[in-house]
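K.L.:
Per my numbering, the sequence shown starts with residue 1, numbered consecutively.
Among the hints, erroneous ones may be present.
Stated by the list, open to error - Only pairs whose alpha carbons sit at most 16 Å apart, straight line, appear in this in silico EDC-like list of lysine to aspartate or glutamate:
id	residue 1	residue 2
1	K42	D86
2	K67	D83
3	K76	D97
4	K82	E92
5	K38	D86
6	K67	E92
7	K67	D55
8	K100	D55
9	K43	D86
10	K100	D74
11	K48	D97
12	K43	D94
As the list claims (entries may be wrong) - Per label pair, the in silico range of CB-to-CB distance:
id	residue 1	residue 2	range
13	L73	E46	16 to 22 Å
14	A54	S80	30 to 36 Å
15	A54	R89	17 to 23 Å
16	G84	K107	33 to 39 Å
17	K62	K107	31 to 37 Å
Treat the hints as calculated values from the structure; they're not laboratory data.
Keep in mind the model is a prediction, meaning the values are calculated, not measured.
All C-beta atoms in this analysis are idealised placements derived from N, C-alpha and C, irrespective of residue type, glycine included.
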Amino acid sequence: MVTVKSIYSMVQDTNYLSHWCNLALQGKLKTESRHRKKYFPKKIRELKAMLLKADCICEQGKGSHTKCSHPLLDYKITISGKDGNDAKRYQEKDVKDLLKDIQEAQK
Numbered sequence: 001m002v003t004v005k006s007i008y009s010m011v012q013d014t015n016y017l018s019h020w021c022n023l024a025l026q027g028k029l030k031t032e033s034r035h036r037k038k039y040f041p042k043k044i045r046e047l048k049a050m051l052l053k054a055d056c057i058c059e060q061g062k063g064s065h066t067k068c069s070h071p072l073l074d075y076k077i078t079i080s081g082k083d084g085n086d087a088k089r090y091q092e093k094d095v096k097d098l099l100k101d102i103q104e105a106q107k
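Sequences and hints are given; from them, build the entire structure.
P.N.:
As structure tokens, this is what we get:
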């Protein structure tokens with residue numbers, strides 16, 4: 001495996017430079033990453049769209065709160081935030097759990 005650190009020592013020689021550039025362009029060059037994958041949260045509008053697609057009823061609450069329920073279930077979830085805001089992890093989990101419960105109730 002070719003890493004970025006190994007390139008730095010060899011780039012000083014210009015003959016190697018074109019070889020490493022070709023490897024990078026072909027996608028064979030692996031970069032070292034010590035960081036976890038970045039988490040990109042969904043937008044509130046995406047969560048609402050997922051719920052509406054699953055035939056949930058979404059009612060406007062106070063301020064930027066929205067209450068969503070499904071006719072087959074006896075509980076509601078509340079999603080807070082404007083449509084353009086990033087959803088919190090617990091909100092995504094609540095929506096995921098609600099969709100899972102809907103699938104189980106439909107069986």
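K.L.:
Give a verdict on every hint.
P.N.:
Hint check:
| no. | hint | verdict |
| --- | --- | --- |
| 1 | K42 x D86 | holds (6 Å) |
| 2 | K67 x D83 | holds (14 Å) |
| 3 | K76 x D97 | holds (12 Å) |
| 4 | K82 x E92 | holds (15 Å) |
| 5 | K38 x D86 | holds (14 Å) |
| 6 | K67 x E92 | holds (14 Å) |
| 7 | K67 x D55 | holds (14 Å) |
| 8 | K100 x D55 | holds (13 Å) |
| 9 | K43 x D86 | holds (5 Å) |
| 10 | K100 x D74 | holds (14 Å) |
| 11 | K48 x D97 | holds (14 Å) |
| 12 | K43 x D94 | holds (14 Å) |
| 13 | L73 x E46: 16 to 22 Å | holds (21 Å) |
| 14 | A54 x S80: 30 to 36 Å | violated (20 Å) |
| 15 | A54 x R89: 17 to 23 Å | holds (20 Å) |
| 16 | G84 x K107: 33 to 39 Å | holds (35 Å) |
| 17 | K62 x K107: 31 to 37 Å | holds (35 Å) |
Hint 14 alone, counting from the list given before, is not met by this structure.
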